[in-house]
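J.: These are the residues of each chain, in order.
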Amino acid sequence: MTEQAFSNIDAKHSESSGLRSIAADFSSDRSAFRNVSWGKAMMWIFLLSDTFVFSSFLIAYMTARMSTTVPWPNPSEVFALTIGGVTLPLILIAIMTFVLISSSGTMAMAVNFAYRRDRRKTAALMLLTALLGAAFVGMQAFEWSKLIHEGVRPWSNPWGAAQFGSSFFMITGFHGTHVTFGVIFLLIIARKVWRGDFDQERRGFFTSRKGRYEAVEIMGLYWHFVDLVWVFIFAFFYLW
Amino acid sequence: MAQAATSASAHEQGQQHPIRLYLVVWAWLFILSACSYLVDYFQLEGFLRYSLILLFMLLKAGLIIAVFMHMAWERLSLVYAILVPISAVLVFVAIMAFEADHTLLSRLSFFALGP
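Protein sequences, first through last, are from chains A and B.
Each residue of the first sequence is one higher than the one before, starting from 1 at the first, in the numbering used here.
Each residue of the second sequence is one higher than the one before, starting from 1001 at the first, in the numbering used here.
So that you can see chain A by itself, here it is in the shape it has in the complex (with noise of 0.2 Å):
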């Protein structure tokens, strides 16, 4: 009787919609993230504190280029390129944005694949991925040499306010890193499911925990996080 009683309770409380859904999830004396493991959980909540690393560096950037008396060196003249005798502007930084972007979508896809059980695609896709983001981090590694060859140090540059310098380095210079790891842990995953380690539940070395193809969609988020640090950046450091 109470059994059912209660039951009738939280079918009700699951059918409410809205800012009601929210209320019932967050009131309901258990795992407020219904139907959300805390595997997918915990990498949502890694990845709004580095939302706030992140926006921290780009507030740090725009104060300092908000606040000096120095004009900022133009962005579309410093990352211009010479190829074949024509100037492009910011070429190398459109075409590492389209990079990114791909490497983004072949992950949707992967994920996608991950769940239809398809063990072969997910780690091509998955492959492919890592690829194209080794390949990102490749362009950013000539960016900052010629930039650097072209005089450009954290204290000072031949353009203009030396702030540039240290915006530069340090924003770049964290997402290369983010993109990086994120390369590594693409490799790991993707061995994972090549050997199907998914298919089997075979234990991790590390958690023990079963594995499951869940593991491909959180490895996702990380790596569409990247892409999405990216489009700010690539907004507010390299356009504005």
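Hints are computed from structural coordinates only; laboratory data are not their basis.
Don't take each hint at face value.
As the list claims (entries may be wrong) - Not everything, but these chain B residues come out facing chain A in the computed CB check (under 7 Å):
| no. | residue |
| --- | --- |
| 1 | 1020 |
| 2 | 1026 |
| 3 | 1029 |
| 4 | 1033 |
| 5 | 1057 |
| 6 | 1061 |
| 7 | 1064 |
| 8 | 1092 |
| 9 | 1100 |
All values derive from a computational prediction rather than experimental measurement.
Backbone N, C-alpha and C define an ideal beta-carbon position, used for all residues, glycine too.
Mind docking chain B on chain A? Use the hints.
T.: Frame of chain A, contents of chain B only:
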């Protein structure tokens, strides 16, 4: 009870969407990136430049979060728990914009090279 169990197991299988959806979003991200690059290529200036940059940026971010990260299909309590705290960033931006303005003003009035 049985109904609740089946709906939970249906969610357990994860996000199932047609591949076509991802390809369409991918194409849109390409178009929007090309547009934001063209803003710089054509050297648009002033209000038009900044509003277009922000518009393309927000559209791209929205597509990535909603579709690629599956936020559009997540439970509302998770969506709010992640997106609401980000409004604190906007407050921080406003505070630091005031601060930077003040710094610039003091620099101009105290350190300006004058007679």
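J.: Each hint needs a verdict: does it hold in this structure or not?
T.: Against the structure, the hints:
no.	hint	in the structure
1	1020	11 Å, violated
2	1026	4 Å, holds
3	1029	5 Å, holds
4	1033	5 Å, holds
5	1057	4 Å, holds
6	1061	5 Å, holds
7	1064	5 Å, holds
8	1092	6 Å, holds
9	1100	4 Å, holds
The structure fails to meet hint 1 from the earlier list, while all remaining hints are met.
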